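Participant: The residues making up each chain are set out below.
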Amino acid sequence: MSEVYFFFGKGGVGKTTVSIIFGMKKSKEKKTKVVSIDPAHNISDILKIKLKKDKDIQIFEGFYVKEVSTEKLLKEEKKRIKERLRKIYSYLVAMNLEHILKLVEYTPGFEEQAIITSVEKELKNSKDYVLIFDSPPTALSLRFLYTIITTSLWIEKLYNLRKDINKTKEIIYEERIEDPLLSWLFEKTNEYHKIIEKIKDACFFVVEDGLFPSREEGKRIIKTLKSMGFKKTKRFINKGENLPFLESPYGVNNLKKYTSLLKI
Amino acid sequence: MHSLKPLKGLLEFFKKKTKDYAEWDVKEKEALFYLILFSPLYGVPIVSPLSVFELLPHIIKDLKRNMEREKQTESSLWKLLGILGIE
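Chains P and B supply the protein sequences, listed in that same order. Every letter in the first sequence is one number past the one before it in the working numbering, and letter 176, counting from 1, is 223. Every letter in the second sequence is one number past the one before it in the working numbering, and letter 31, counting from 1, is 661.
Don't read these hints as lab results, they were simulated from the structure. Keep in mind that this is a model prediction, so the values were computed, not measured. Ideal Cβ placement from N, Cα and C applies to all residues, glycine included. Don't take each hint at face value.
For lysine-lysine, the following DSSO-like pairs were computed, each having C-alpha atoms within a straight-line distance of at most 30 Å [said to hold, decoys possible]: (1) P:Lys129 / B:Lys649; (2) B:Lys647 / P:Lys214; (3) B:Lys647 / P:Lys204.
Calculated from the model, a selection of chain B residues having no Cβ within reach of chain P, i.e. all distances over 12 Å [said to hold, decoys possible]: (4) Phe643; (5) Ala652; (6) Lys659; (7) Leu662; (8) Ile666; (9) Leu680.
Facing chain P, from chain B, some residues (calculated, C-beta under 7 Å) [unchecked claim]: (10) Gly639; (11) Leu641; (12) Glu660; (13) Ala661; (14) Tyr664; (15) Leu665; (16) Ile676; (17) Pro679; (18) His688; (19) Asn696.
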């Protein structure tokens, strides 16, 4: 089972820098990947390397980084589903598909869902890695976790409702119902349970920069995480007891040197 | 045997009523199912919009089947589809 870490915290406290240095240190023991799920990525700025989006980039032996593009993910997903639908229906009679796709695109929660999909993919595909997620600032990160929990609950409710409908239909029409929707809902329910289980097993570092606002926000984040059932939370004081102030925290070689200063 | 005739009629009547009620119940539950499923389309992201995308092929098949079966504009499912602009 993979080791999973999330770095949360107020914007600008150094989550990316800390997660990279932590990742570099971890890579000495095991293959490690730092995945940025922040839509405003800056791994490339900090490492001073141009990164291709959505690709695992090896920085040195055992250490990889990746910047997830939610926009790209959304585009690909839309393209894939459109093609699938067009194969089934050569003409769009049943629904005004274009209209619906546009509506869905601007629906609240889309960004959070795209992040969930990315995290899910990483958890599935990087089982033998130490996975470190560099998260977006507090609001989006917490919404992402809330979305996983609520979606899981609703999918399960939908599954039970559908099962109930099918059962009644089987009695009324005296025929067996093969329902792909029900199978899909069953699979999704299990998938969400697995993701939640894995995330609950992950360690959440809440980064602070020693200043009052980030410290207060950090306390609130820990309280919220615990209320959601994420018990493994730890405060990380950047520019303080866990990592001192760094003179030039940019570039691979500089950051590599700083791994010895990290105290976790 | 003659005396059982009214009882048989009564049983038939209740059987039909039960079936009618079960059919109505299924229709209402289906409407609720689609109401939750289509939630991202009216701005309440109960279910992931990406999941709705993924389910569209199945949903269309299912809806077409339902539409053919019940061409009753007064049903909740039809009302919901009308609100969402699905014809």
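Participant: Check each numbered hint against the structure and report the violated ones by number, ascending.
Facilitator: 1, 5, 6, 7, 8, 9, 10, 11, 13, 14, 15, 19
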